[in-house]
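Residue numbers (the numbering used here), protein chains in the order written: chain A, 1 to 344; chain B, 1 to 344; chain C, 1 to 344; chain D, 1 to 344.
None of these hints come from the bench; they were simulated from the model.
Zero decoy hints are in this set.
Pairs count within a copy or across copies, as identical chains cannot be separated in the list.
DSS-like, lysine-lysine: derived pairs with alpha carbons at most 30 angstroms apart: (1) K53 <-> K160; (2) K161 <-> K308; (3) K308 <-> K135.
The chain contents come next:
There are 4 protein chains.
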Amino acid sequence: MIAARLHHYHEPLRLDELDEPTITDPHDVIVRIGGAGLCRTDLHIQEGQWAEKSGVQLPYTLGHENAGWVHEIGSAVSNVVVGDTVIVHPLVTCGLCRACRAGDDVHCENNRFPGISTDGGFAHFLKTSARSVVKLAPDLHPRDIAALADAGLTAYHAVKKAASILHPGSRAVVIGAGGLGHIGIQVLQALTPAEIIVIDPSEQARALAGEIGADRTVAADGRQVDTVLELTDGRGAEAIIDFVGEGDAVAQGVAMLRDAGSYYVIGYGGRVDVPTIEIISREINFIGNLVGSYNDLAELMTLTAQGKVTLHTSTYPLEAVNDAMADLDQGRLQGRGILVADPV
Amino acid sequence: MIAARLHHYHEPLRLDELDEPTITDPHDVIVRIGGAGLCRTDLHIQEGQWAEKSGVQLPYTLGHENAGWVHEIGSAVSNVVVGDTVIVHPLVTCGLCRACRAGDDVHCENNRFPGISTDGGFAHFLKTSARSVVKLAPDLHPRDIAALADAGLTAYHAVKKAASILHPGSRAVVIGAGGLGHIGIQVLQALTPAEIIVIDPSEQARALAGEIGADRTVAADGRQVDTVLELTDGRGAEAIIDFVGEGDAVAQGVAMLRDAGSYYVIGYGGRVDVPTIEIISREINFIGNLVGSYNDLAELMTLTAQGKVTLHTSTYPLEAVNDAMADLDQGRLQGRGILVADPV
Amino acid sequence: MIAARLHHYHEPLRLDELDEPTITDPHDVIVRIGGAGLCRTDLHIQEGQWAEKSGVQLPYTLGHENAGWVHEIGSAVSNVVVGDTVIVHPLVTCGLCRACRAGDDVHCENNRFPGISTDGGFAHFLKTSARSVVKLAPDLHPRDIAALADAGLTAYHAVKKAASILHPGSRAVVIGAGGLGHIGIQVLQALTPAEIIVIDPSEQARALAGEIGADRTVAADGRQVDTVLELTDGRGAEAIIDFVGEGDAVAQGVAMLRDAGSYYVIGYGGRVDVPTIEIISREINFIGNLVGSYNDLAELMTLTAQGKVTLHTSTYPLEAVNDAMADLDQGRLQGRGILVADPV
Amino acid sequence: MIAARLHHYHEPLRLDELDEPTITDPHDVIVRIGGAGLCRTDLHIQEGQWAEKSGVQLPYTLGHENAGWVHEIGSAVSNVVVGDTVIVHPLVTCGLCRACRAGDDVHCENNRFPGISTDGGFAHFLKTSARSVVKLAPDLHPRDIAALADAGLTAYHAVKKAASILHPGSRAVVIGAGGLGHIGIQVLQALTPAEIIVIDPSEQARALAGEIGADRTVAADGRQVDTVLELTDGRGAEAIIDFVGEGDAVAQGVAMLRDAGSYYVIGYGGRVDVPTIEIISREINFIGNLVGSYNDLAELMTLTAQGKVTLHTSTYPLEAVNDAMADLDQGRLQGRGILVADPV
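Assemble the whole structure, with the sequences as input and the hints as a guide.
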């Protein structure tokens with residue numbers, strides 16, 4: 001099969017011819033990839049930002065946002081059969097550690113993260129596990145929902161945490177209405193009664209935000225802190241949901257946060273740098289957010305099936321992966337980019 | 001009456017002769033002070049750290065940790081009578097805003113904070129409100145429990161938040177076993193089944209910590225991060241409860257924090273400065289903590305009455321306030337310093 | 001002024017000429033009634049069901065669901081001024097007990113309940129307290145939202161509890177789409193992503209339910225348990241929200257409840273009668289629900305202002321109170337009945 | 001091997017000679033039983049109370065409270081090795097359904113319950129699954145902790161739920177200080193700051209309760225409701241934890257429950273039968289409790305290892321199972337009865 005692999009940091013991916021993965025553990029599931037989402041994290045990996053954290057050995061196959069059809073299963077797999085349409089939870093988890101048993105798959109003590117720490121889905125086939133596949137209606141096409149596996153799941157997870165503090169009359173500020181943000185807006189709309197204020201520099205992104213649930217959109221024009229304070233009685237918003245996490249975003253987001261409110265960190269690249277006296281005198285919180293759990297993914301797929309969440313995507317052939325990455329890097333990519341491999 | 005007042009930042013307090021406060025609102029309560037706790041925040045106020053945040057006009061009377069006896073009450077006061085022994089919740093709150101009505105007194109939209117933003121309790125008398133006095137058993141002496149009004153209440157509030165994530169088998173690291181920390185340890189012991197690990201540079205403080213509930217004590221000897229990791233299977237603690245909040249404490253605390261864990265910021269003076277990639281990849285949280293609610297104070301007084309929390313204090317006459325502040329500043333003060341005014 | 005008063009159980013109310021209430025406490029607020037909702041509880045009071053629980057002395061004025069304009073205020077009232085349009089939280093609370101301070105107004109240790117335990121709002125004027133009035137936009141007419149003060153608030157309170165267990169993919173069964181139920185459906189729609197299944201014997205009520213947010217409506221035709229099980233994969237619903245609470249409703253509701261689910265009791269008149277072996281082997285919960293808190297009422301008024309909750313009402317002159325009660329009793333009243341007194 | 005099996009309802013168990021269980025699924029774990037707890041549920045099974053609910057076919061082996069040593073493992077088992085000392089979570093669960101993935105093992109959609117719905121541990125060997133074994137320190141003897149697998153786990157689970165409403169100053173009433181109750185008292189003591197009031201007819205049980213953490217003990221002498229009300233300012237307790245669930249216990253427990261409080265149903269045999277008007281006007285809750293989760297069991301084993309929970313047991317040879325059941329039925333059994341099979 002063909003796989004798009006990173007051989008050296010700071011270089012384009014190479015399209016390698018590899019053997020198909022094979023079943024080696026009774027829980028293995030091999031998925032024929034129907035769509036693989038492209039993520040800003042793929043750029044960060046290419047730049048080496050994750051080299052130390054992931055400990056991965058080059059070369060390896062990127063792609064951590066996958067959907068497809070079950071191609072082969074191990075002897076202990078009981079929840080899917082060959083041919084099922086599935087979306088793939090990004091982590092492979094053990095099911096036996098405390099975290100897995102508490103519903104917190106992402107902190108599995110024995111996890112692997114295909115596309116981050118081992119071979120991922122920019123390929124014809126992906127090896128994952130029975131615990132990582134969510135069965136879907138057969139009429140869904142993987143390329144249309146693949147981006148929910150990571151971008152959507154991360155946005156869902158963060159918004160679900162925020163929902164617990166968002167009562168009628170409260171406000172949520174969404175910083176960044178791109179790949180994750182536009183899903184986050186829809187999930188806020190589905191799960192909470194909060195007023196939704198969206199900040200983005202792109203007029204097009206703000207227009208989309210307005211269509212999918214934003215009550216207010218604010219240009220990132222240098223006056224956005226003042227604007228948000230005006231929209232919130234001078235007090236700021238109960239929740240800041242930051243899909244950017246770099247540049248000025250954090251400092252501005254903190255300035256828009258209401259006392260006793262919570263700041264949800266999702267985007268990354270910059271720093272949270274705040275005096276402790278400000279944290280305690282305002283009694284504000286910073287909440288880290290990684291990808292969601294398997295049940296989160298199943299819930300998000302329910303919202304999608306109900307039409308409450310829809311994705312905006314652009315499709316590329318797998319072979320055009322480096323073009324797609326360049327488009328993402330240079331802001332030319334509308335919605336989420338999806339790589340589609342030809343059938344074998 | 002005599003009151004210890006700040007006339008200029010960076011200068012000692014002056015002992016002024018002032019008129020006693022009088023009832024001007026139907027909810028007013030005037031308390032004859034029996035004990036007023038001295039707090040590191042008083043030093044910070046003197047240094048001007050709170051000048052901008054509090055907006056207070058100099059001169060004014062410090063002292064935000066007060067207990068005494070009810071001296072006079074306004075016409076609408078129904079919960080105490082003259083002569084009652086009371087501990088004084090540090091804030092004067094309205095009871096009508098959303099925060100007050102949600103049990104979150106501290107974020108009252110109309111609050112005053114005697115000793116921070118208006119005249120406090122380093123004096124013979126303090127004016128507060130019906131909503132701020134907790135009635136105590138008459139045999140308690142105010143000087144013995146005054147420090148619970150702020151130091152104790154802040155520690156209680158933070159530990160109560162942490163309690164929700166501290167299951168049997170989890171660990172809480174307490175950074176700093178001083179005035180607040182030694183109460184925090186006792187509250188952890190009373191409210192949670194967690195293993196308690198205490199870090200302090202002072203051998204004496206560690207010895208006290210061991211007596212009042214710490215399962216492990218660790219010297220702040222430069223190896224404390226490694227030591228805590230060794231004590232926690234290399235993974236760190238579920239909760240870091242930081243009563244220091246300055247110097248190396250935060251960076252070290254973050255290094256001791258388990259993935260998916262929470263860092264409770266109580267001490268202040270330094271910064272939380274962490275890359276967003278670390279916050280999201282480890283999915284860690286930073287939780288700000290100010291003083292607790294009125295109900296928190298009542299609960300803490302219950303623990304005290306049950307013998308589960310005891311205070312270690314050193315008493316000074318009100319007139320020796322500047323000596324007491326110097327002792328606190330230079331680390332000579334054992335336990336919490338309490339100022340006691342002579343009876344009128 | 002005119003007031004509709006109960007002189008003897010099981011007899012119609014009498015229209016008495018009474019003195020207007022006067023300010024006797026600094027927190028008193030006198031409201032000129034613009035609309036007073038009629039509630040099934042008024043029928044239950046007339047039948048003597050509340051005689052023992054409320055301990056009220058006859059005669060007294062009914063009416064616990066009130067809105068109007070501030071007419072006069074006591075000296076300690078700071079949150080409203082004469083002329084403000086207000087909705088009246090049904091209880092008068094102290095603001096000082098643990099329950100009030102925890103945001104749980106309804107369990108105030110010193111509460112009075114106008115219309116239940118003291119004179120209510122079937123009159124030109126009502127005496128309440130500063131803590132019980134929620135200020136509204138001046139263009140709202142009290143008669144249009146009075147029913148939210150109790151019927152709406154009770155439905156809101158119960159649904160808000162249920163919201164915490166209602167994730168995407170879960171189901172809520174609403175039993176009874178009448179005065180409370182039709183508000184409950186709208187609140188479910190606003191606060192949760194659950195699929196909403198509504199059971200009612202009336203075709204008209206089911207049609208309304210469908211218009212305001214029910215995903216499915218089910219006739220109470222004797223087959224409703226089977227129908228709900230068919231709609232829920234044979235497992236039942238995560239939440240049963242029972243606005244009936246008498247007759248067969250409870251037994252049927254329990255049969256529709258999923259294992260590990262919760263049954264919200266709101267309507268009353270019958271019994272919960274379930275073997276303990278069923279409660280433990282299915283691990284099901286029964287959650288009592290009284291009227292909501294002041295903050296709940298403010299949140300509900302926000303949803304109303306946002307157009308997410310609308311009321312269906314029928315208006316009667318105050319003088320026609322006994323006709324209105326007869327219409328309610330005999331099922332002729334469409335929506336919630338509202339009594340409107342002429343201006344004095 | 002020998003197994004104690006139920007051939008006919010209402011008859012003694014028979015000691016049958018059976019083949020040892022064998023590995024048939026890659027996740028199977030065969031445990032050599034070191035101790036099997038005897039439970040009141042075993043009497044209820046014998047009486048046919050569970051016949052319909054469990055759907056089990058007679059004859060089968062009883063025993064759902066098991067600990068021992070790993071004897072043989074399937075090919076996919078990675079968390080234990082042969083020879084490990086283990087306690088056995090009572091259910092065999094799939095790990096793949098929503099409940100399992102939410103940490104709620106007990107409501108696994110594909111569960112089996114050895115000793116209830118399939119062959120249990122009153123035998124030399126038990127077949128369970130990798131997901132059901134908690135590894136213990138090798139120096140623990142299974143007979144000393146086997147009763148924690150079900151009795152202890154059920155008590156732990158209920159108390160953990162109650163802990164969330166038990167603040168300092170609150171009261172928990174424990175009804176019944178027998179096999180489950182005496183563990184519940186110790187868990188209350190370990191997890192909560194509540195005052196613990198224990199009701200039991202047996203003077204010996206009350207004496208034990210006092211030694212292990214009860215603040216007050218009350219004889220079940222007909223005056224217990226009045227006594228509890230006297231101990232709780234006439235208002236009742238925030239939590240009633242009912243390990244009896246039959247006879248007068250429920251009616252009395254409801255009379256001891258504070259308004260807005262919660263009643264935890266654990267014991268069974270009787271009914272919860274309460275008017276809906278009482279449930280709503282007092283806003284009280286009834287919370288069903290089955291056995292706890294795997295993580296609950298691990299937490300309970302931690303408390304045991306820390307010396308915070310200790311068991312009181314009486315040991316019988318497996319062959320004396322019917323004597324043990326008679327002793328339990330007739331109140332002659334002190335502590336929890338444990339059956340110990342001879343080594344093969």
